[in-house]
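Engineer: Residues per chain, in single letters:
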Amino acid sequence: MKTLTNWLQEDPERALSRIYSENFSWFEQYVLQNSGNSDDARDIFQEGIAAAWLNLKSGKFSGTPDRFNAYVRQICKYKWIDELRSGNRKKISYTETIPEKDDTESNTTSDSLEQSTALKKCFLQLGEKCQKVVGMFYYKKKSLAEIAHDTQNTEDSIKTIKYRCMMQLRKLFLEEMKRM
Amino acid sequence: MMEYKDNIDKELFEKIEAYIQNRMNAGDRTAFEKEIQADETLRNEVALQRQLIASVQVFTHHKEDSFKASSDVKAPVKKMRHVWMYAAAAVTALIAVTWFYQYKTATGEQVYANYFTPDAGLPVMMSGENDRYDFYNGMVSYKEGEYDKAIEIWRGIAQPSDTISYFTGVAYLNNKNAEASIAHLATVALNDKSAWQQKAIWYLALAYVKMNNKDKALEWLNKLPDNEQAKLLMRDIQKTLP
Chain A
6 MKTLTNWLQE
16 DPERALSRIY
26 SENFSWFEQY
36 VLQNSGNSDD
46 ARDIFQEGIA
56 AAWLNLKSGK
66 FSGTPDRFNA
76 YVRQICKYKW
86 IDELRSGNRK
96 KISYTETIPE
106 KDDTESNTTS
116 DSLEQSTALK
126 KCFLQLGEKC
136 QKVVGMFYYK
146 KKSLAEIAHD
156 TQNTEDSIKT
166 IKYRCMMQLR
176 KLFLEEMKRM
Chain B
6 MMEYKDNIDK
16 ELFEKIEAYI
26 QNRMNAGDRT
36 AFEKEIQADE
46 TLRNEVALQR
56 QLIASVQVFT
66 HHKEDSFKAS
76 SDVKAPVKKM
86 RHVWMYAAAA
96 VTALIAVTWF
106 YQYKTATGEQ
116 VYANYFTPDA
126 GLPVMMSGEN
136 DRYDFYNGMV
146 SYKEGEYDKA
156 IEIWRGIAQP
166 SDTISYFTGV
176 AYLNNKNAEA
186 SIAHLATVAL
196 NDKSAWQQKA
206 IWYLALAYVK
216 MNNKDKALEW
226 LNKLPDNEQA
236 KLLMRDIQKT
246 LP
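Residue numbers (my numbering), protein chains in the order written: chain A, 6 to 185; chain B, 6 to 247.
Pulled out of the complex, with its shape left as it was, chain A reads as follows:
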């Protein structure tokens, strides 16, 4: 069985696709049974995956790989229950009951979701070219030479662009953290 350490070195594109395919149907069913539709499920699922992935990569999740799916589902459920409780959902009828949060769900989950929302906001503030270059390097795991070829640049230019884009993301996120 894979350990968490070698699982963390896995190609992120493949890992994220697998996490999606192993959990989305389950979560969609859960949302459909609890006052939501497929679009709600997709939105909340993306937020839940982002928080879980960030915690996995930053070492806040320390369980075994087979526990990770349960962790993803727990965060997504927490987020959906929170959404239902927020009162934004007009379509909940009085006969329906909102599921209770598990005891294990805590402020930590709420903080993780808040942080991942802030990071998403910052990532989307980067220009298209920045998103493309850093995405090719960190997500697609392309080499500098491949990115240089695809974007008609030199490797040195790509290194500099990547550095500047990541520093811009860092600056935006630290500013966001000050506001939180």
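Careful: at least some of the hints might be erroneous.
Claimed, not checked - Far from chain B by the CB rule (all over 12 angstroms, computed), these chain A residues:
| # | residue |
| --- | --- |
| 1 | 39 |
| 2 | 51 |
| 3 | 56 |
| 4 | 69 |
| 5 | 75 |
| 6 | 76 |
| 7 | 87 |
| 8 | 88 |
| 9 | 115 |
| 10 | 134 |
| 11 | 140 |
Claimed, not checked - Here are some chain B residues the structure puts well away from chain A; computed CB gaps all over 10 angstroms:
| # | residue |
| --- | --- |
| 12 | 15 |
| 13 | 37 |
| 14 | 54 |
| 15 | 59 |
| 16 | 145 |
| 17 | 150 |
| 18 | 166 |
| 19 | 180 |
Said to hold, decoys possible - Heads up, simulated SDA-like pairs for lysine to any residue below, C-alpha to C-alpha not over 20 angstroms straight-line:
| # | chain 1 | residue 1 | chain 2 | residue 2 |
| --- | --- | --- | --- | --- |
| 20 | A | 176 | B | 53 |
| 21 | A | 65 | B | 52 |
| 22 | B | 10 | A | 184 |
| 23 | A | 126 | A | 172 |
| 24 | A | 125 | B | 27 |
| 25 | B | 10 | A | 168 |
| 26 | A | 145 | B | 27 |
| 27 | B | 10 | B | 41 |
| 28 | A | 145 | B | 10 |
None of these hints come from the bench; they were simulated from the model. Just so it is clear, CB atoms sit at the ideal spot from N, CA and C, and this is done for glycine as well.
Since the structure of chain A is already known, use the hints to place chain B on it.
Structural biologist: Frame of chain A; chain B shown alone:
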């Protein structure tokens, strides 16, 4: 809030990145881990970079996932209608081409769009004296497609050169501002000593095409007698522009 370093230079950034991505050899890794142990702000910085890299991964995946989702929705419609769409497009194109050549009703904008490709810019080296640094700093913005930012950085350089004028001109053109590009490109196009002269003439002629100034465009293109692309453009201008 946690304490972070005030500034992360490129060297430190790449060191942290290599550590996170497991690209360091055993010796360097052990030495770097000792540094991390002893320096709290470095420790925080490594954790922050881990988060930022993870965010790039997951949000790039989201972007790709939503593209897939939206194309999945559109696919059946495309399949059903594609034969009719191709037929309609072919008829429209035929009418347009006939009209084009008979009555010369193309706009400069249309001809320009057929010929314009942005200059890819120069390789960047982020060292050297101030003006040189600023030039390459602007070039990074140019390559990122941040043309306004590039123009602003180059405007602040104390001793402008033909290279700066040329790239300022093409940055304006990339930004769809042909009018503003002309003054910058013209100084280079008139400079016989500039290595950028031929390219400046080409982009200057294109700027005039975009502005529907047929005479000026032809006047400049005549200065590129050995350029095949320029000959084709001249032919199209004469055939299609009123």
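Engineer: Each hint needs a verdict: does it hold in this structure or not?
Structural biologist: Results for each hint:
no., hint, result
1, 39, "holds, 22 angstroms"
2, 51, "violated, 5 angstroms"
3, 56, "violated, 9 angstroms"
4, 69, "holds, 19 angstroms"
5, 75, "holds, 19 angstroms"
6, 76, "holds, 15 angstroms"
7, 87, "holds, 20 angstroms"
8, 88, "holds, 18 angstroms"
9, 115, "holds, 17 angstroms"
10, 134, "violated, 5 angstroms"
11, 140, "violated, 4 angstroms"
12, 15, "violated, 5 angstroms"
13, 37, "holds, 17 angstroms"
14, 54, "violated, 8 angstroms"
15, 59, "violated, 4 angstroms"
16, 145, "violated, 6 angstroms"
17, 150, "violated, 5 angstroms"
18, 166, "holds, 20 angstroms"
19, 180, "holds, 14 angstroms"
20, A:176 to B:53, "holds, 11 angstroms"
21, A:65 to B:52, "holds, 11 angstroms"
22, B:10 to A:184, "holds, 19 angstroms"
23, A:126 to A:172, "holds, 15 angstroms"
24, A:125 to B:27, "violated, 25 angstroms"
25, B:10 to A:168, "holds, 16 angstroms"
26, A:145 to B:27, "holds, 16 angstroms"
27, B:10 to B:41, "holds, 13 angstroms"
28, A:145 to B:10, "violated, 29 angstroms"
Of the numbered hints given earlier, the model fails hints 2, 3, 10, 11, 12, 14, 15, 16, 17, 24 and 28; all others are met.
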